[in-house]
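K.L.:
Sequence:
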Amino acid sequence: MKPSKYIQKSPPLPLRLHRKALPFPFDSPQTHLTRNGRFAIREGLRALGLPQGAKVLLPAWHCGSETDAVLAAGMQVGLYRLHQDLSADLDDIRRQLDGGSIAAIYAIHYFGFPQPVEEMQALAKQYGTAVIEDAALALFSRTAADIPLGCQGDMSVFSLVKTLPLPDGGALWLRHPQPQALERLSAAPLRPALAGLKGVLRRSFGKPRPALPAVPVPQRQLEAWHPRAGIAPADMRGRISPLSRLLLRMPEATDITSAHRANFLVLQQGVPRRSRMRPLMPNLPAGACPAFFPLFTPDADRVHAALQAEGIQSVRFWRQFHPAVDLSGHPEAQQLKRSVLRLPVHSGLRLQELQRICEALHRTV
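Residue numbers (our numbering): 1 to 365.
Everything labelled a hint here was simulated from the structure, so no lab data went into it.
Model, not experiment: these values are computed from the prediction.
Mixed in with the good hints there might be a few duds.
[Claimed, not checked] Each computed DSS-like pair below joins lysine-lysine, with the alpha-carbon atoms no more than 25 Å apart:
hint, residue 1, residue 2
1, K9, K198
2, K207, K9
3, K5, K198
[Said to hold, decoys possible] Estimated spans, in silico, between C-beta atoms of each pair:
hint, residue 1, residue 2, range
4, R274, M236, 48 to 54 Å
5, R276, A144, 46 to 52 Å
6, L265, A21, 26 to 32 Å
7, P216, S186, 37 to 43 Å
8, G199, G329, 36 to 42 Å
9, R350, P213, 20 to 26 Å
10, R191, Q335, 35 to 41 Å
11, D85, R19, 38 to 44 Å
12, D85, L351, 26 to 32 Å
13, A145, L15, 32 to 38 Å
14, A309, L265, 22 to 28 Å
15, R274, Q335, 15 to 21 Å
16, R350, D98, 48 to 54 Å
17, R350, Q126, 48 to 54 Å
The beta carbon of each residue, even a glycine, is placed where N, CA and C say it ideally should be.
My request is simple: use the sequences and hints to build the entire structure.
P.N.:
Quick look at the structure:
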């Protein structure tokens, strides 16, 4: 099959400026824009004044970049379990809080699906810990009560480039205003910002790329941690680039949310549900703006290669294992790292392209 157009994993630039200001977190004076989400985590932990050497309790299934940022802030990482629907196991969190030395509970709003933050806050108040919300996969998402995800805890972090066509960008929100939270950071280096801009322009205005076969990669290499996914304690080049600040005038949040939701639902309905392939998440909740569509398939590497050969970009989601995190007691997290593909739902996709993704997946099972 020769595809008519390469289906890209990231969004193109919109072709007009929007006068309407972007909503939370951009409309809050407590928000600070960073080069990426890792800088937001590291500098946020510093701003909270949490004790050095104490633990931040992360969900067992996470990228690994969060761990690197926690370690770069001089803290340690603990892990809590998730239920099958990826909601936090509050009983496991409580058991670990009973053991002491926990400074913060870290909640990841996977793909815009809200975590039980109010219950986490109740536990945090009881044990004297902080609550951190990670909305990297959930920019512009809201709860069923129309509350923005990321505004309930003590701190929240965002990865803007997962949803918006920017060369770089993260955000840190702090409940208690700290105007100098990023005072020690300098501007992002120009070369990576220009390379990122080149990528945004290429996928927005360049010629479609030809479909190429995926190059086989050994599992050990796929799972090896790459330093580029982390952050060094001494790296202070962490402010968002002027290029990204300029491009933030172009997106419109309502359009993005509507497109992401509609495209997610097309994939939710159309992807296979056999040979153990299935949508990872349950039905999309009201208010969610998922950055991507997560597909569960135990044969993720082969399916990824098949999509690549048909001109469809997918991503082996969170495939790297951080060397400082021991997942031997969390086989479910190991399975997720090896079995989830990230499919695009951005606003640059047309219905025919989403149908092409579904048809290609059906040919793999």
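K.L.:
Evaluate the given range 48 to 54 Å for the C-beta pair formed by R274 and M236.
P.N.:
Holds - the Cβ-Cβ distance for R274 and M236, about 50 Å, lies within 48 to 54 Å.
K.L.:
Can you tell me whether the CB distance of A145 to L15 sits inside 32 to 38 Å?
P.N.:
35 Å, holds
K.L.:
Given the range 26 to 32 Å, decide if the beta-carbon distance of D85 to L351 lies inside it.
P.N.:
28 Å, holds
K.L.:
Run the distance test for K5 versus K198: straight-line Cα separation, threshold 25 Å.
P.N.:
Between K5 and K198 the Cα gap is close to 20 Å, so the pair holds against 25 Å.
K.L.:
Has the given pair, K207 with K9, been kept, meaning a C-alpha gap of at most 25 Å?
P.N.:
15 Å, holds
K.L.:
Regarding R274 and Q335, is the given constraint of 15 to 21 Å on their beta-carbon distance met?
P.N.:
18 Å, holds
K.L.:
Range hint 35 to 41 Å: satisfied by the CB atoms of R191 and Q335?
P.N.:
38 Å, holds
K.L.:
Does the Cβ pair P216, S186 satisfy 37 to 43 Å?
P.N.:
41 Å, holds
K.L.:
Within 22 to 28 Å or not, the Cβ separation of A309 and L265?
P.N.:
26 Å, holds
K.L.:
Range first: 48 to 54 Å. Now tell me if the beta carbons of R350 and Q126 are that far apart.
P.N.:
Since the Cβ atoms of R350 and Q126 sit about 50 Å apart, the hinted range of 48 to 54 Å holds.
K.L.:
When you take the CB atoms of D85 and R19, is the distance between them in 38 to 44 Å?
P.N.:
Since D85 and R19 have Cβ atoms about 39 Å apart, the given range 38 to 44 Å holds.
K.L.:
Is the distance from the Cβ of R350 to the Cβ of D98 consistent with 48 to 54 Å?
P.N.:
The hinted range 48 to 54 Å holds for R350 and D98, with Cβ atoms some 52 Å apart.
Of the hints listed earlier, the one the structure fails to meet is number 5.
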